[in-house]
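Colleague: Sequence:
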Amino acid sequence: LVHINKGGRPRQHLLSLTRRAQKHRLRELKMKVKEFADKEEGGDVKSVCLTLFLLALRARNEHRQADELEAIMQGRGSGLQPAVCLAIRVNTFLSCSQYHKMYRTVKAITGRQIFQPLHALRNAEKVLLPGYHPFEWQPPLKNVSSSTDVGIIDGLSGLSSSVDDYPVDTIAKRFRYDSALVSALMDMEEDILEGMRSQDLDDYLNGPFTVVVKESCDGMGDVSEKHGSGPAVPEKAVRFSFTVMKITIVHGSQNVKVFEEAKPNSELCCKPLCLMLADESD
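Residue numbering for the sequence shown follows full-length UniProt numbering, beginning at 1 and increasing consecutively.
Mixed in with the good hints, there may be bad ones.
In silico BS3-like pairs for lysine-lysine, Cα to Cα no more than 27 Å straight-line [said to hold, decoys possible]:
| hint | residue 1 | residue 2 |
| --- | --- | --- |
| 1 | Lys263 | Lys214 |
| 2 | Lys23 | Lys39 |
| 3 | Lys101 | Lys142 |
| 4 | Lys257 | Lys236 |
| 5 | Lys246 | Lys271 |
| 6 | Lys30 | Lys46 |
| 7 | Lys23 | Lys34 |
| 8 | Lys23 | Lys46 |
Since the hints were made in silico from the structure, they are not lab data.
Generate the whole structure from the sequences, applying the supplied hints.
Modeller: This is the structure in structure tokens:
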């Protein structure tokens, strides 16, 4: 069947038409595809069209475009997950403005949103930071607020401003210990469940669990300002952190180990509690 143009302006290419004209030209094909989808694929017109497009790309050896389409069909897409983008930003020490500049440049050059915008990274960060997951103490702790949505707080809040009449001259930010511990355990949820399954335990057991924690305090080097006329800043950075070493669960009459940290001295398993700038003499 050859289309015969009976005068008038030359027949335009399908992609150069308006959306309305495209609909009109493909009306018969659309009806046939819908009929096939209803009969063979439970009415899933979208999957039929995407598969046809994929086969056409493969037939023309346009495999890169076909791979991208296949990734979209499988729900992966060509873009990176917000949590992955956050990890890239943190590990490459990019400031927010530097990351945003990279995000805009890549999007402008490729025409695709491979990196996620900053607000998506902030939302991903909220889930990872202490204070996101609700929890409760049983029995309730004395002199500790029952509020659990506590994120980054001033390092000296709740502490006296001097020790032995000597003023505390530090700049510090910290997490509340219990919030940080809950966040760490939620982050390890998959590892704990995997450990329970490997011990042939039902993963719906609710404990009690025993969590062994190692606390540490590391000096992070000299941060004093050598030049410039900025405000006086304490000269040393100190980090207080903890590592979840081992988790056991009571099962019958014995304690069963469901998690043990393989690299307890690695900084990757160190969960931060407090970052403090202090003078060495303090």
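Colleague: All hints, please: hold or fail.
Modeller: Structure-based check of all given hints:
1. Lys263 to Lys214: 12 Å, holds
2. Lys23 to Lys39: With a Cα-Cα distance of about 22 Å, the restraint between lysine 23 and lysine 39 holds, given a limit of 27 Å.
3. Lys101 to Lys142: Violated. Lysine 101 to lysine 142 sits at ~48 Å, over the 27 Å cutoff.
4. Lys257 to Lys236: Violated - the C-alpha atoms of lysine 236 and lysine 257 are around 39 Å apart, more than 27 Å.
5. Lys246 to Lys271: 14 Å, holds
6. Lys30 to Lys46: 11 Å, holds
7. Lys23 to Lys34: This hinted pair holds, its Cα atoms lying about 14 Å apart.
8. Lys23 to Lys46: 16 Å, holds
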